[in-house]
Amino acid sequence: MTRANSAALAAAFEGGPAFVPYLAAGDPDYDSSLRYVEALDRGGADVIELGLPFSEPIAEGPTIQGAVTRALDAGMTPERFFEFVSDLDVSAPLVCMTYYNLIYQFGIDEGPEPFVERSAAVGIEGFVVPDLPAEEADPLREACDEHGLDLIFIVAPTTRGERLERIREQVSGYLYVQARLGVTGAKADVSDQTSESLDRVADWPVPKAVGFGISTGEQAAEIVAGGADGIIVGSALVDIVAEGDGEETVEERLEAKARELKRGTEKGFEQRTPRAERP
Amino acid sequence: MSYGTESNPKFGEYGGQFVPEALMPAIEELEDAYERYVLENEDGFVDEFRERLADFGGRPLPLQRADRLSERYGRDVYLKREDLLHGGAHKLNNALGQVLLAKYMGKERIIAETGAGQHGTATAMAAAHLDLPCEIYMGERDIVRQRPNVFRMRLNGSEVNPVSAGRGTLKEAISETMRDWAASVETTHYVIGSVVGPHPFPRMVRDFQAVISEEAREQVLEKAGRLPDSVLACAGGGSNTMGAFHHFVSDDGVELYAVEAGGSSLSVDEERGVAPNSASLSTGTEGVLHGARTRILQDRDGQIMESHSVSSGLDYAGVGPELAHLVDTGRVTPVTVDDDAALEAFHRLSQEEGIIPALETAHAFGYLHENYGDLGEIVIVNVSGRGDKDLESVIEETSEREIEGAPEMDVFQGVGR
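Those sequence lines, one after another, are chains A and B.
Going by our numbering, the first residue of the first sequence is number 165, and it counts up by one from there.
Going by our numbering, the first residue of the second sequence is number 73, and it counts up by one from there.
I should point out that these hints are in silico values taken from the structure, not numbers from a laboratory.
Keep in mind that the hints are not guaranteed to be accurate.
Mimicking SDA-like on lysine to any residue, the simulated pairs with C-alpha atoms at most 25 Å apart in a straight line are [unchecked claim]:
id	chain 1	residue 1	chain 2	residue 2
1	A	K351	B	T259
2	B	K82	A	D273
3	A	K351	B	E258
4	A	K431	A	D353
5	B	K82	A	G275
6	B	K175	B	E231
7	A	K351	B	T260
8	B	K82	A	E329
9	B	K82	B	S322
10	B	K82	A	I272
11	A	K372	B	A255
12	A	K351	A	A406
13	A	K372	A	G390
14	B	K82	A	L328
15	B	K82	A	E274
16	A	K351	A	D363
17	B	K82	A	E277
18	A	K351	B	D252
19	A	K372	A	L328
20	B	K82	A	R327
21	B	K82	A	E306
22	B	K82	A	E300
23	A	K431	A	R206
24	A	K351	B	S236
25	B	K82	A	E333
26	B	K82	A	P303
27	B	K82	A	R330
28	B	K82	A	Q334
29	B	K175	A	R324
30	B	K82	A	D302
31	A	K351	B	A255
32	B	K82	A	G325
My request is simple: use the sequences and hints to build the entire structure.
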C-alpha cells in the first residue's frame with residue numbers, strides 16, 4: 165500500500181515502472197505546447213509533469229530556463245496554465261511543477277489554498293515545488309490533503325539523516341529522487357549517486373522516480389534495473405522543442421523519444437525481475 | 073561586536089529557507105557554523121575576524137562631522153565613513169566574515185554574485201587575502217556598467233563569469249550563483265552579498281555588518297554627547313542599512329530611514345513586468361524570492377519584475393526580510409529618492425565635502441537634501457561606499473541631464489570607453 169491522495173497517481177505506478185516526462189506549459193507557444201504534451205501521452209507517458217513557468221527558476225539548468233523564458237514571453241500565466249490543463253486531451257495524470265511564489269500569490273487570500281483548489285478543479289493530481297523544502301511545506305501539504313492532491317518531494321544526493329525523516333513524513337504520490345547534484349540538464353551517463361540515493365529511501369511507502377540528467381532509453385533501463393519505480397525526463401524533451409520542426413516534426417520526435425524512454429523502463433524492469441517471478 | 077544569541081530563521085512572517093533540497097544540507101551546515109563560530113566564538117573566530125577587520129580592513133572608521141552640510145542644513149550632519157574601508161565600501165565587513173567562516177568550515181572554494189561589483193570586489197579581496205579560489209557571477213549589463221570593478225576582481229585572482237539570462241543584472245546573477253552552488257555544495261561556500269537569501273544569511277550578514285552601527289553609536293555619544301535623532305542609509309538588498317541600524321534598533325528615540333531607489337518612477341508597468349524603480353520596501357508586496365519570504369517587486373501573478381535604478385548596487389527586486397519586518401512593525405521608515413535627485417546629490421557631496429560617494433550612497437544624501445527639516449538636530453548618514461566605480465555611469469547619466477553644479481560634460485563623454 166502506498167501513500168497517495170490521488171488514485172490516478174497511485175495507479176500510474178502500479179502497472180510497472182512509470183515514464184514521467186516534463187514539458188514547460190506554453191513552450192514555445194500555447195497551441196504548439198498542447199500538441200507536444202499530447203504527443204508525449206501517445207508515446208506512453210504514465211504521469212506528465214507540466215511546468216508552470218516562473219521568472220526565477222533557480223533549480224533549472226539552461227535548457228529548462230530557456231523553455232520557461234519562451235513560455236513566459238509567449239504569455240503563459242497561472243490563469244492561462246489552468247486553461248491549458250483544461251484544454252489538454254491526455255490520459256496520463258498531470259502533476260504541476262512550479263515555484264512557491266506563484267502558488268502563494270494566487271487568489272485574493274494569501275496562502276496556497278486557492279491555487280490548490282483551482283488545480284484540483286482542472287484535474288491536476290499533485291505538485292512538485294523545487295524551492296519548497298519540507299520545513300516550509302505545511303500550508304501547501306494541508307491544502308493538498310484537503311483537496312485530494314499529492315505533494316511530491318525531491319530527495320537530493322546530499323539529503324541525509326533528519327532531513328530524510330522530515331521528507332518521509334511529508335511525501336505522498338511519489339518521491340522524486342534527484343540523480344545527481346546540480347540543476348536539471350541532460351547528461352550522457354548515469355550518476356553513481358543514483359543507486360546510493362535509491363538505497364536510502366528503499367523502504368519508503370511511495371514509488372521512487374529518478375530524475376536529473378536522463379536522456380536515453382538505455383539510461384532509463386539502467387536506472388529501473390537499479391531499483392527505481394520510474395524515471396523523470398525533462399531537458400532531453402525540452403531540447404527537442406527548442407530545436408523546432410525539421411525533417412520530422414517536433415511532435416513526431418517527441419512521441420518517438422517517449423516510446424524509446426518508455427521501452428527503456430520496461431527493459432530495465434525485465435532485467436531486474438526474472439520472468440518466473442513476475443506477477 | 074555584540075552578536076545575538078538566537079538563530080531564528082524568521083523575522084515575523086518574513087525569512088525562512090526556500091531553496092532546492094540539494095542546498096538544504098549546506099544551509100543546515102552553515103547554520104551550525106554560524107551558531108558555533110559567530111554566535112559562540114568557537115575557536116576564537118570572532119577574535120580573528122575583528123583582528124582582520126582592523127589590520128586588513130582598516131577599522132575602526134571615523135564618524136566625521138560634515139561641516140558644510142551641517143551649515144547648509146542647519147543641524148549636525150555626521151558621516152559614517154564606510155567608504156574608507158579597504159576596497160572602498162562596507163561590503164568587505166561581510167565578505168571577510170564569510171570567507172573566514174568558509175575557511176573555518178573547511179570549504180575549498182568561494183563563489184559570489186555581484187551587482188555593482190563592490191561585493192564581488194570585496195569577496196575577491198577577502199578570498200585572495202585568505203588564499204581561497206573564487207568565482208564571481210555578474211550580469212552582462214552590469215559588467216559593462218562597472219568595468220573597473222570587474223578588472224579589480226580579476227587583479228585579485230578571481231574568475232568573473234558573465235550571466236546573460238534575463239536583463240543581465242543582479243537578480244539573474246543570484247539565480248546563477250545558486251545554480252552553481254547546487255552543483256558544488258560539498259566543497260563550496262556561497263558568499264551572499266546582502267542581508268537576503270535563506271536563513272542564516274540575513275542574520276549572519278547583518279551580524280558582520282553590525283560593526284557599522286556599533287562604532288557609530290559609540291562615536292556619536294563621544295562626539296555629540298547623545299544619540300542621533302535620525303540615521304539614514306540607502307537600501308538595495310539592505311546590508312549597509314541593517315549594519316547602520318542594528319545597534320540603534322532598540323533606541324526608540326532614533327528614527328531609522330531606509331532610502332530606496334525611486335528610479336525614474338514609482339509606478340509599475342504590469343503589462344511588461346517592469347518596475348522603473350528598485351523600491352521593494354516602499355512599493356513591493358510579500359512574496360518568496362531567492363530563498364526567503366520578503367517584500368519583492370512582482371506582478372499580480374507572482375512573476376518577479378525587472379527593477380531599475382541609476383545605481384547598479386540598488387537595482388534588485390527584493391530586500392532583506394529583517395528590514396521588511398522592521399518596516400511592518402513601524403521601526404524603520406522606507407523612503408525613496410529618484411535617479412535625478414541621487415545624481416544631483418552625488419555632485420553636491422563631491423563638491424561640497426570632497427567625498428565622491430557611491431551612487432547608492434548618493435540616494436541617502438538626496439533624501440537628506442529634500443527632507444532635512446524633518447530629521448532632527450543630529451543626523452547620521454551612512455556613507456556606504458565610494459563612487460570611483462560609478463564614474464562611467466555618472467558621466468553617461470549626467471550628460472543626459474541638466475544637473476546644477478555638475479562639471480561641463482562635453483569633454484568627458486566617451487572617456488574610458
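Hints and how they fare:
no.	hint	result
1	K351(A) with T259(B)	22 Å, holds
2	K82(B) with D273(A)	21 Å, holds
3	K351(A) with E258(B)	20 Å, holds
4	K431(A) with D353(A)	18 Å, holds
5	K82(B) with G275(A)	17 Å, holds
6	K175(B) with E231(B)	19 Å, holds
7	K351(A) with T260(B)	22 Å, holds
8	K82(B) with E329(A)	23 Å, holds
9	K82(B) with S322(B)	19 Å, holds
10	K82(B) with I272(A)	24 Å, holds
11	K372(A) with A255(B)	22 Å, holds
12	K351(A) with A406(A)	17 Å, holds
13	K372(A) with G390(A)	11 Å, holds
14	K82(B) with L328(A)	23 Å, holds
15	K82(B) with E274(A)	18 Å, holds
16	K351(A) with D363(A)	22 Å, holds
17	K82(B) with E277(A)	22 Å, holds
18	K351(A) with D252(B)	16 Å, holds
19	K372(A) with L328(A)	14 Å, holds
20	K82(B) with R327(A)	19 Å, holds
21	K82(B) with E306(A)	21 Å, holds
22	K82(B) with E300(A)	11 Å, holds
23	K431(A) with R206(A)	19 Å, holds
24	K351(A) with S236(B)	23 Å, holds
25	K82(B) with E333(A)	23 Å, holds
26	K82(B) with P303(A)	16 Å, holds
27	K82(B) with R330(A)	19 Å, holds
28	K82(B) with Q334(A)	22 Å, holds
29	K175(B) with R324(A)	23 Å, holds
30	K82(B) with D302(A)	15 Å, holds
31	K351(A) with A255(B)	14 Å, holds
32	K82(B) with G325(A)	23 Å, holds
In this structure, none of the earlier numbered hints is contradicted; all agree with it.
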